[in-house]
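Chemist: Those sequence lines, one after another, are chains A and B. Using my numbering, the first residue of the first sequence is number 1, and each one after it goes up by one. Using my numbering, the first residue of the second sequence is number 1001, and each one after it goes up by one.
The hints are simulated quantities; they were obtained by calculation from the structure and are not laboratory data. There's no promise every hint is true.
A short list of chain B residues far from chain A (calculated; beta carbon distances all over 12 Å) [as the list claims (entries may be wrong)]:
| # | residue |
| --- | --- |
| 1 | Asp1014 |
| 2 | Leu1036 |
| 3 | Tyr1056 |
| 4 | Arg1124 |
| 5 | Pro1133 |
| 6 | Asp1137 |
| 7 | Pro1182 |
| 8 | Gly1331 |
Derived CB-CB ranges, DEER-like [stated by the list, open to error]:
| # | chain 1 | residue 1 | chain 2 | residue 2 | range |
| --- | --- | --- | --- | --- | --- |
| 9 | B | Arg1017 | A | Ile185 | 23 to 31 Å |
| 10 | A | Arg61 | B | Ala1233 | 15 to 23 Å |
| 11 | B | Asp1185 | A | Pro143 | 21 to 29 Å |
| 12 | A | Asp130 | B | Ser1080 | 24 to 32 Å |
| 13 | B | Ser1080 | A | Asp294 | 14 to 22 Å |
| 14 | A | Gln150 | B | Ala1169 | 55 to 63 Å |
| 15 | A | Val55 | B | Arg1259 | 50 to 58 Å |
| 16 | A | Glu311 | B | Ser1080 | 25 to 33 Å |
| 17 | B | Pro1075 | A | Pro161 | 26 to 34 Å |
Covered stretches of chain B, going by a simulated chain A footprint (3 or more residues, C-beta under 8 Å) [unchecked claim]:
| # | stretch |
| --- | --- |
| 18 | 1184-1197 |
| 19 | 1201-1210 |
Note that the Cβ used here is the ideal one computed from N, Cα and C, for glycine as well.
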Amino acid sequence: MPEVLKAPLVVEFPFTRSLGPVQSAFLTGLRDRVVLGVRTGDGRTLVPPVEYDPVTAEEIRDLVEVAPTGTVTTWAWNHEPRRGQPLSSPFAWVLVRLDGADTALLHALDAPGPDAVHTGLRVRVRWAEDRVGAITDIACFEPYDGDPAQPTGHSGEFEDPVTGIVAAARLDYTYSPGRAQTAYINALADHRAVGERCPSCRKVYVPPRGACPTCGVATAEQVEVGPAGTVTTFCIVNIKAKNLDIEVPYVYAHIALDGADLALHGRIGGIPYDQVRMGLRVEPVWTDGGRYPDHYRPTGEPDADYETYKELL
Amino acid sequence: MTRDIAVVAFAQSDILRTTEEQSEVEMLMPVLHDVLDRTGLKTADIGFTCSGSCDYLAGRAFSFTLALDGVGAWPPISESHVETDGAWALYEAWTKLLSGDADTALVYSYGKSSPGSVRDVLTRQLDPYYVAPLWPDSVALAALQAQALIDAGDTDEPALAGIGTRSRATDNTRAQLRGSVPQGDYVVRPLRTGDCPPIGDGAAAVVLAAGERARELCSRPAWIRGIDHRIEAHGLGVRDLTDSPSTRLAAEKAGAFERPVDTAELHAPFSSQEVVLRKALRLDENVRVNPSGGALAANPMMAAGLIRIGEAAARIHRGESDRALAHATSGPCLQQNLVAVLEGDPR
Chain A
1 MPEVLKAPLV VEFPFTRSLG PVQSAFLTGL RDRVVLGVRT GDGRTLVPPV EYDPVTAEEI
61 RDLVEVAPTG TVTTWAWNHE PRRGQPLSSP FAWVLVRLDG ADTALLHALD APGPDAVHTG
121 LRVRVRWAED RVGAITDIAC FEPYDGDPAQ PTGHSGEFED PVTGIVAAAR LDYTYSPGRA
181 QTAYINALAD HRAVGERCPS CRKVYVPPRG ACPTCGVATA EQVEVGPAGT VTTFCIVNIK
241 AKNLDIEVPY VYAHIALDGA DLALHGRIGG IPYDQVRMGL RVEPVWTDGG RYPDHYRPTG
301 EPDADYETYK ELL
Chain B
1001 MTRDIAVVAF AQSDILRTTE EQSEVEMLMP VLHDVLDRTG LKTADIGFTC SGSCDYLAGR
1061 AFSFTLALDG VGAWPPISES HVETDGAWAL YEAWTKLLSG DADTALVYSY GKSSPGSVRD
1121 VLTRQLDPYY VAPLWPDSVA LAALQAQALI DAGDTDEPAL AGIGTRSRAT DNTRAQLRGS
1181 VPQGDYVVRP LRTGDCPPIG DGAAAVVLAA GERARELCSR PAWIRGIDHR IEAHGLGVRD
1241 LTDSPSTRLA AEKAGAFERP VDTAELHAPF SSQEVVLRKA LRLDENVRVN PSGGALAANP
1301 MMAAGLIRIG EAAARIHRGE SDRALAHATS GPCLQQNLVA VLEGDPR
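Okay, chain B solo, but in the shape it has when bound (with noise of 0.2 Å):
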């Protein structure tokens, strides 16, 4: 069965740097008001529920359970979870559309980085064996990442900090850097302050509907052309830091090489990561990258993905972009990468 399902609503919360008068589902409950708001659905219309989040974040087992209160679990739903980004949620989502088992779906992540050091609950996603006892944080395997893109001439100092100019130069209103932004000091040579995201508190929701119900929903669908993810051998020291071959075969997958993209909504956390997605993804400068800002301008751990296609589809949406990329990863050194392909109607 061949349907064609689209991402007809998409909210987020602002992207703060600490939250702490909230509770998660407290932070999450008004985003998803707002999402279904703009569709005029219910919790009780949605057929399938997908969230992602992150149980190291909050430093608690099944935290998402709480999060459940939010969207009304009683009576029983149709649930499902992933403890990852919720561009993965929304990838299960979408799997359950194509089989026919639900018309709609709602799709939501969120994450609180600011309870913890993000740096160090970060390492506990790597191998354990071998690496994780070394405690090497996030930044500092970014930078071995942004080095040897230096030493293999595809970037350099000046060009990395000019990614996070441009970035934070954005109207995004829920952004939580804008504007005029220092370069900084070294955080882990060759990374700058200015060169890596910033550490925040965030929600993120989409409606996904299937056909017919796409169009009663959203004048404008942002249908879903493909989407495909795929990872990288776990050793860093196995794989070719300067590319992703992961995020290229995943493009491919969905599609996105058939025709030109006008926008590409990209989740690279640190500047040297647009240098490896720009090249992966074969874009050149007629692509309009980030206008939203990206992950370095608001990153909330599990939800900056999920805003990735979001931002994307919310742009097909207003009628500015007709056929936009959307990328999403997790994991050190872009370990995992999702690509969506999203198109409007033609106008």
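If we strip away everything but chain A, and leave its shape as in the complex, we get (with noise of 0.2 Å):
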């Protein structure tokens, strides 16, 4: 078996997110070195603040500052920083329960070796340089053997709140399509397209994925299909695309290939839009390089009679 084909694959999205009125003034807190959590119902304080009670559900509201200094909860030593972490150099992830507060924030300690971190360590929030209403505002803790840090009286009310975060994701993947698809890739940078045969309902799936997705058996036997192929349905765009360098309006369609039993789809060209029509026959354009067919075109044969491709709509 020829070895599979591997790509990289990057996922990456900004995900925008609003912020509710709690996690607003924490984050704007934040932002204005203030720690702000929130009451319970119950008397209890949470830091970092939600705006329900994990307990009883309850709605709150109630903001109350605690102090930027803390006891550390619990501590895991993380010799190996890795990407997006808050510290570059070897640190300690901590939960730490801050003055004034009843549940322990999750975050970073900078210290300069396991041994200088245990459970029940003093420590401060050293507050990153720019600040712009996030949880990394708090560029980590620090060891601290002072008295304990006096909130400034805030009220949790500011004049210009942040209101969302963008929370950047970035996730990398080096992807294989599996045996059936890298075949069929393979196939069409010899400008041949094969699809498989299902062993039990004889059907050829073109492009194959190693499954017939009726009979739930793998598929194995290779078929060459086409190259030519008859257009079974399509539709034409009016819009464009970004980053595509293609003329509106064009017709995108379902092409039956011949010798297959499952249409594949691509956009017809050489062609005016608006004379594409069901049963046109049509073969594929392969562009110096292309991996794929850039567009199929008429083959400038009669059109097939609907009986042949109606099973294949």
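Dock chain one against chain two, each of which comes alone in its own frame, and use the hints as you go.
Modeler: Right under this line is the structure:
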């Protein structure tokens, strides 16, 4: 078996999220070097604050300032920081209960080594230089042996509150399409289309995915199909896609390649868009170095009879 | 309407570090055929199909739809999907059978962790406002829990190493890590490589059947006596990480405490989490814990929880257990927990 294809796949998205009143106050507070918690009905102070009591599900809005100093409740030494984490040199992950809070906040602790960290260690917030209203406005925590800091008496009201965050996410993959699709893509490089025949229903699937979706069995027998085919149905695209250098309107069609029992889709060119029709006979057009047909154009043959493709619409 | 529902068949793939030569459906299909062969059923005979998987592992939206090719979804079938471990797909199938809408169900789940970096991928399930922007990976969060347990005197590093060693001393040929596995260096202290699950690809499937249908399909069905799942507060700093009240409550609702179990299949991806679960489930030394090796021997994401139910059921099928507990988890530090109690007919 030839080696399967592999390619990098990056999934990246700047998630834009709006904040509720409590999250807005907390993150705005961080921007202004103030740490806020929220008081529950039974008098506990949650930091970081949430909008609903995790025990009673009651809505809570009673903001209360806590100190930027606190105590480590548990920790873990991270000797190999990963992309996106708060510090690039070895650090401790910590849960910190800030003075005045009843719950703990997750963040990083800058310490010289694991021997300098223990549960119960006193720490304080180290503020980021550029603060925008995000959890990363706390650059990290650092060991602190002074007295608990005194809250400033902030009300939790801000003149220009932060109302949203952009949470950028990026994940890297090495994508492999598996055996069947690798064979299909490799054949396309030779300007050939190959499908796979189901051993049970004998239908030929193109592109093949290694399974017959009707019978639920593996397909393996390769069958060369095309190159010509029949337009089974189509639509006219009137809106230009971003980064796509194709003039509108153009036609996108389902094309049943000769010998295939499933239509694939592709663009129709070489004919005015308003003359494309069901039954039109087409063939692939390859551009230099292209790994798949750029588009399909009419072969000039007479149109296919409806009976020959009605099962493939 | 009360019906007795049983696991009547279980199958799983070999769990491997990478399966790049196979697409997801190519990896899954032999498992589906295996589980159906054990009952003599064809896909067309199945009343309800439910699957579990996760788009973030594949890096593609609606990735589960491609896997549907493996069950033959034409003509249309009654089908559903959960975006989490297949144990929760089994829960959905169980309720479907309870309702009387179907007599048999096929439940499958699969995950390929090899294309991405699973430690990074799992950060995307965390609170997006306060936690995810810090990118704390799955091992880091488990390590915070492990340190809390050590501080509380519930365990220590040698005891954790013992859990890893015992888990991998399994004769389960499907497992990814077996035999003598070095405890290794710290990944995130106090957890070493030996305390962490292997990263692997794999798939699993079970068939459920109700009442007499179960007896026709299996000589000793694994009857589901109870099943329940519960969740903790999402804020890690709100929870007592040394305990798992959600597991205890799920076990209570599933009837786990009514009579002792002889076997427990626990989904504890980290050695420290077995300590938490044993305490929450009140398991004593008489209970055989994870004879399959558990998640420390093989942890295919989205299938490892379903495999716990399948392994527990298979032991009942083989007459090696009479009453078994199966547990599945999802989320950081045992955030969500499902408990099922399975029994064989008296012998």
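Chemist: Which of the listed hints are not met by the structure?
Modeler: 2, 3, 4, 5, 6, 12, 13, 15, 17, 19
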